[in-house]
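Student: Listed below are the residues making up each chain.
6 protein chains.
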Amino acid sequence: MKILLLNPNTTAEVTELLYAAGHRAASPGTELVPMTAKRGVPYIATRAEAQIGGAIALEMLAEAGAGFDAAIIAAFGDPGLLGARELFSFPVVGLAEAAMLTACMLGQRFSIVTFSPTLAPWYDECVVMHGLETRCTGIRALDESFQSISDVQAEKEDALVRLANLAVERDYADVVILSGAPLAGLADKVKDRIPVPVIDPVAAAVRQAETLAVLKPLKARAGTFRRPGPKPTTGLAEPLAAVIEHRDEKQGGTR
Amino acid sequence: MKILLLNPNTTAEVTELLYAAGHRAASPGTELVPMTAKRGVPYIATRAEAQIGGAIALEMLAEAGAGFDAAIIAAFGDPGLLGARELFSFPVVGLAEAAMLTACMLGQRFSIVTFSPTLAPWYDECVVMHGLETRCTGIRALDESFQSISDVQAEKEDALVRLANLAVERDYADVVILSGAPLAGLADKVKDRIPVPVIDPVAAAVRQAETLAVLKPLKARAGTFRRPGPKPTTGLAEPLAAVIEHRDEKQGGTR
Amino acid sequence: MKILLLNPNTTAEVTELLYAAGHRAASPGTELVPMTAKRGVPYIATRAEAQIGGAIALEMLAEAGAGFDAAIIAAFGDPGLLGARELFSFPVVGLAEAAMLTACMLGQRFSIVTFSPTLAPWYDECVVMHGLETRCTGIRALDESFQSISDVQAEKEDALVRLANLAVERDYADVVILSGAPLAGLADKVKDRIPVPVIDPVAAAVRQAETLAVLKPLKARAGTFRRPGPKPTTGLAEPLAAVIEHRDEKQGGTR
Amino acid sequence: MKILLLNPNTTAEVTELLYAAGHRAASPGTELVPMTAKRGVPYIATRAEAQIGGAIALEMLAEAGAGFDAAIIAAFGDPGLLGARELFSFPVVGLAEAAMLTACMLGQRFSIVTFSPTLAPWYDECVVMHGLETRCTGIRALDESFQSISDVQAEKEDALVRLANLAVERDYADVVILSGAPLAGLADKVKDRIPVPVIDPVAAAVRQAETLAVLKPLKARAGTFRRPGPKPTTGLAEPLAAVIEHRDEKQGGTR
Amino acid sequence: MKILLLNPNTTAEVTELLYAAGHRAASPGTELVPMTAKRGVPYIATRAEAQIGGAIALEMLAEAGAGFDAAIIAAFGDPGLLGARELFSFPVVGLAEAAMLTACMLGQRFSIVTFSPTLAPWYDECVVMHGLETRCTGIRALDESFQSISDVQAEKEDALVRLANLAVERDYADVVILSGAPLAGLADKVKDRIPVPVIDPVAAAVRQAETLAVLKPLKARAGTFRRPGPKPTTGLAEPLAAVIEHRDEKQGGTR
Amino acid sequence: MKILLLNPNTTAEVTELLYAAGHRAASPGTELVPMTAKRGVPYIATRAEAQIGGAIALEMLAEAGAGFDAAIIAAFGDPGLLGARELFSFPVVGLAEAAMLTACMLGQRFSIVTFSPTLAPWYDECVVMHGLETRCTGIRALDESFQSISDVQAEKEDALVRLANLAVERDYADVVILSGAPLAGLADKVKDRIPVPVIDPVAAAVRQAETLAVLKPLKARAGTFRRPGPKPTTGLAEPLAAVIEHRDEKQGGTR
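Chains as they are written, first to last, in UniProt numbering: chain A, 1 to 255; chain B, 1 to 255; chain C, 1 to 255; chain D, 1 to 255; chain E, 1 to 255; chain F, 1 to 255.
Next comes chain A alone, as it looks inside the complex (with noise of 0.2 Å):
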């Protein structure tokens, strides 16, 4: 089994912290392939750069091209996800998506646990866009000044293992999710010092992919998420446009 994981930010330092979290959550025969954005932020955190990084995403999903048997976006927010489950016939599993719907078979609410509040309203819509307000006890950030957003997580473990635990004091929170992507393999780590169960979003994604991919759900033929029909195109980057005015089909591609 062949599944893309796909970085929508620039900073190849945090797509090797998602590919060795993600690695470890593999099962033995899944090939993950790594891929990290070639334009766009360092790291997405705001709606404008989740808007631009959406788009970005659609590009790198249309360069990777046919032969996954499923793909990630492995941002924290879920840039592009919609529009990406209706664009390619192999599923597409988002980080905070699969996150969330795996805490949620671990208690009945959860609550995020991030590194800067600058992510917060970003990550507050996509709980929104998920429809899963109910589940979620809110959001709790960090709010210190970090070095450097791929070793974040070991500068301030001790910091986000206080704020889990005022989570489940406070917050009530029956399951933690310790997010965005530069936290990737943090949860194992800290487990032990956060009473209650703790999701790796990338980890929860890996599996949540591999299931899709067993399963082998048909590509919707109608519906909100079957492929839109052929479109003209101008100024988009190629393999994108190709994909949007169906000329990846007349190369006998299976996209």
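Just so you know, not all the hints are guaranteed correct.
Said to hold, decoys possible - Pairs of lysine-lysine, DSSO-like flavour, derived with a Cα cap of 27 Å:
| # | chain 1 | residue 1 | chain 2 | residue 2 |
| --- | --- | --- | --- | --- |
| 1 | D | Lys189 | C | Lys2 |
| 2 | A | Lys231 | A | Lys219 |
| 3 | F | Lys216 | E | Lys2 |
| 4 | C | Lys219 | C | Lys2 |
| 5 | B | Lys2 | A | Lys2 |
| 6 | F | Lys219 | F | Lys2 |
| 7 | D | Lys219 | D | Lys2 |
| 8 | F | Lys231 | A | Lys38 |
| 9 | D | Lys231 | E | Lys38 |
| 10 | B | Lys189 | A | Lys219 |
| 11 | B | Lys38 | C | Lys38 |
| 12 | D | Lys2 | C | Lys216 |
| 13 | C | Lys38 | B | Lys231 |
| 14 | C | Lys219 | D | Lys189 |
| 15 | F | Lys38 | A | Lys231 |
| 16 | F | Lys219 | E | Lys2 |
| 17 | B | Lys189 | A | Lys2 |
| 18 | F | Lys2 | F | Lys38 |
| 19 | A | Lys2 | B | Lys38 |
No lab work stands behind these hints: they were computed from the structure.
Once you have looked at the hints, place chains B, C, D, E and F on chain A.
Tutor: What follows is chains B, C, D, E and F alone, placed relative to chain A:
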């Protein structure tokens, strides 16, 4: 990995259907252990039967004892699920829950298609229990009598496919869930005749139980799903009494 | 008028408290018949215990048999209520339901004040089951150990009054409900010390049961609360088995 | 026990219907005191009329003065209810409120069946005001002209029964409420022809008013329903002005 | 363009504040016509007063008669708004409605900041009436006594600014609305001291009334806001009676 | 006053329709500056296209630069709106947002009537994004093929009027919104044939943009819509990169 497939109904033929469809979705190393209720009703279909069947599910989990990596309560409607999640240390997944959360990764809104209108109010309340009202287009139930619970999927295959197509056309479902337990295995047979992804609840549940077993979240030691303290009981089935009274621990149980 | 006051807990002292407070609220002609669970736990406090206790409540209703004008399931959290409403032809009222609906006529939002944090998640889910989330300011629970379930109201009177006042000041509660069953009778003692209307659940439940008995609505013959058709059972308590199998009718029962 | 049955419409025949049906549901010792609006419209049916009629209801309550144990605002839609609850020290119950809350104890979802489509938006907003949207399957209104408001229940009996049956079959109503005031007494006549419990709002309201009178909750001294402080007024009906200016107290009123 | 600025309170000084702030926001060609209630209370602040004040607002609109392009009901809480929208053919805008809808274009969530806790429950119900619960972070009210309604904005300027800043810091408000009518004009004075956009309700209302006047939507001839048919009345203010009885039309009114 | 009318579609004819209808609604002193996307698709109609088109809208706003008092993103569905509100200091209004909020002042519930079923899921998610679900009766879309996007309003005028009438009769819409951009100007032509107020989104948007420009709210300096701090970018369109990197300020920009 050892997963308990617990059928809270007394009909062994339904357990066989569940086992066959669950087994097909399981990973190579997974051992699926079926268990049929020794007391209760042939097929849980109403609120009263779910109340009783949920209590029986707790008895069965207590009796099955330690040694499982995860358990599935294999009745759509998830009788006893939240109580089980509270009481036992291994992860417990519900058939409805697993099907609905998996469906959420394939579209914005799913429809639940089933074979008897008697089931609809119970399923409806199950959707509310999981807080997924905005993700569900509703429940569509056949209103035709059938010969037997264990053959209903063969007898009503065409009618169920028609109903699923109605759910797509009229209710704008992005995904269809064929439920409950007696329809186990049907999704795979009919998926070409339904133009959106089709979910088989037991296949989804086996994969989700595996996922929780692999992620190995620690049992909650705080929050609303921590194990309740010991409490005396009167007249309960012995293994369940032992769990509630914490006598299992004295016997070296790891439950 | 004959009303069954069913305590699904095994503690007879709690039944006595319920009876005393219920009796004070009853109309002159009302005969209140108390009944204590013969099996189960001393005091239902968790989801698992509610699952079991609800099934026991159904057994008790079946055993009590015909001849009642209405019944009260006298545990806040209403274990087994919806199943009972489905199965039996006489009206059945829950303690939480009666208290909350009565509170709705005295203000826009009520607070549930109780003596143990263990009860909060169960009560919370009960509010959701009744669709009254927007009418409830939340649940405030004491977090102090207590000597015995039957004396907790005396021991913690002052602390509960302080908590009720907090619910008014901080949560903007218009009405306070003192729950569950072990607090029966407390409302009357402390109402002068709480500056909003205070509800005693069992007093409300007795009055609401009388109301349904007087209005004499016909048992549903359609819809989701019609009595289910006969169904075979295995290993259930005999009176409940008789009800589910419709053997009660053959015996001329009017249940 | 003395209960004020306040009809905020100017049609005395409707008051008579309300009194007759209310009287049948009342307890032996209850004295029901009818009162018909001296100004306003024959039958409140729109938002504008409810705005005016609610203000008139407050005038009537002020005029009726002290000496009542409880009052009923006997127009479905509950004009002036929340203001009355704020202003007066005796309990005040609305016709819609009492009917809907009583219906909640007989099934999960009720339908409101009425005789004119003009009433639907006002009733709809009343359901929202009480936060009962999830308990209501909607409003079904006859769309036929009728002779007179005081005979509409006789003239349209069959059509209303058909509509109630539609509410059960198509909307899955567990309970039917026959409203508003001009249908007082109809429920009892037709309940055999509707296969779910049928609520007569005035019967429910009389019983609920009695319940509040018996439970004797203290008037709120804090929270959003405490009596507002004294305030000068200009040009209001004298008894209402006296209440708002707190001149009633100086006269030894216990209102 | 001629816009009626209707103050349903009897305090002329508040009308002057409203006029001054409204005038500053008005387009060059707009004539703003102020009107102060001749009966009622100095300042509407409770549910009961809103019930009465809303009826008075309808009387005032009827009395003002034809010749206006739009009207503003200038009390935050929008007393009588929906009834007015039903009854009259020119557009009618509420102060709260205009402020909240305008705020929605400047951020995802607004806070309502006001000068008295008495106003909070009424404002809260107004938010619900407009279905904007998810856009509102709540209501923050000063809890300090003040000298006079017409000077409260000067007296409490600093305290209100502090409160607005709290709404931003603690409630995560994207926008602040300074309400109600007695704070007209304050937003402009203090906007530099509040770090998010600040809305002056009357400025918003004047602009929204102009917008409706320019767009010239036709009065509804169907749906829930069509003008109700003629109906007899008793004892109502003559101009309002004329409107309800449709006697205005006979006089060539274009109302 | 200078308002940017930004069409994120590449079809210049649609920009012309928008400009013509927008111009008619504009105030005398308003200069409306049209701008058509140079890259993208002829007409945004799906989630994927909205993801891409929203990113293009941000590029266009950055390119247009300082000097505008407000901007309109003139595609119903509001692609890129929340990101734009975050990034730029002038007010930005969406076509859907302006239409829906304006409709809210003309009735309780609006219907969105459009020319293609492809648009419905995107519009639906836009309603949710704005939290207006309870104000919307749903989306009604023609299901007929059409010749060209720029003539569809003429070709389908009668069918759209029929659909709007259905929305009134069947869905109980109080207001109808004719959307999206290719229907600009149609509302005015057909309003006599639809018995409730009809909204032209671009007319509403021009007026709402003017309103925000007149009220001159300060750009948020706190909360979730403050401008994000500078961040490096790779491979983005130069003007947008300059905005995200805060290089625009160094050039004396007032953006």
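Student: Decide if the proposed pair is consistent with the structure: Lys189(B) and Lys2(A), CA atoms, cutoff 27 Å inclusive.
Tutor: Cα-Cα ~25 Å, so holds.
Student: Are Lys219(F) and Lys2(F) close enough, with their CA atoms no more than 27 Å apart?
Tutor: holds, 18 Å
Student: Has the given pair, Lys189(D) with Lys2(C), been kept, meaning a C-alpha gap of at most 27 Å?
Tutor: Given that 27 Å is the threshold and the Cα spacing comes to 25 Å, the pair holds.
Student: Between the alpha carbons of Lys2(A) and Lys38(B), is the straight-line distance 27 Å or under?
Tutor: Roughly 43 Å separates the two Cα atoms, so the pair is violated.
Student: Against the 27 Å threshold, does the CA-CA distance of Lys2(B) and Lys2(A) hold or violate the hint?
Tutor: holds, 26 Å
Student: For the pair we were handed, Lys231(D) and Lys38(E), check the Cα-Cα distance against 27 Å.
Tutor: holds, 16 Å
Student: Measure nothing beyond the straight line between the CA atoms of Lys231(A) and Lys219(A); if it is 27 Å or shorter, mark the hint as holding.
Tutor: holds, 20 Å
Student: Does Lys231(A) lie within 27 Å of Lys38(F) when you go C-alpha to C-alpha?
Tutor: Distance ~16 Å between Lys38(F) and Lys231(A) Cα, so the pair holds.
Student: Sort out whether Lys219(A) lies within 27 Å of Lys189(B), counting only the CA atoms.
Tutor: holds, 16 Å
Student: Could you grab the alpha-carbon distance between Lys219(C) and Lys189(D) and see if it respects the 27 Å cut-off?
Tutor: holds, 16 Å
Student: Does the alpha-carbon distance linking Lys38(B) and Lys38(C) stay inside the 27 Å limit?
Tutor: holds, 23 Å
Student: Regarding the pair Lys231(F) and Lys38(A), is the alpha-carbon distance no greater than 27 Å?
Tutor: holds, 16 Å
This entry does not satisfy hints 16 and 19, going by the numbered hints stated previously.
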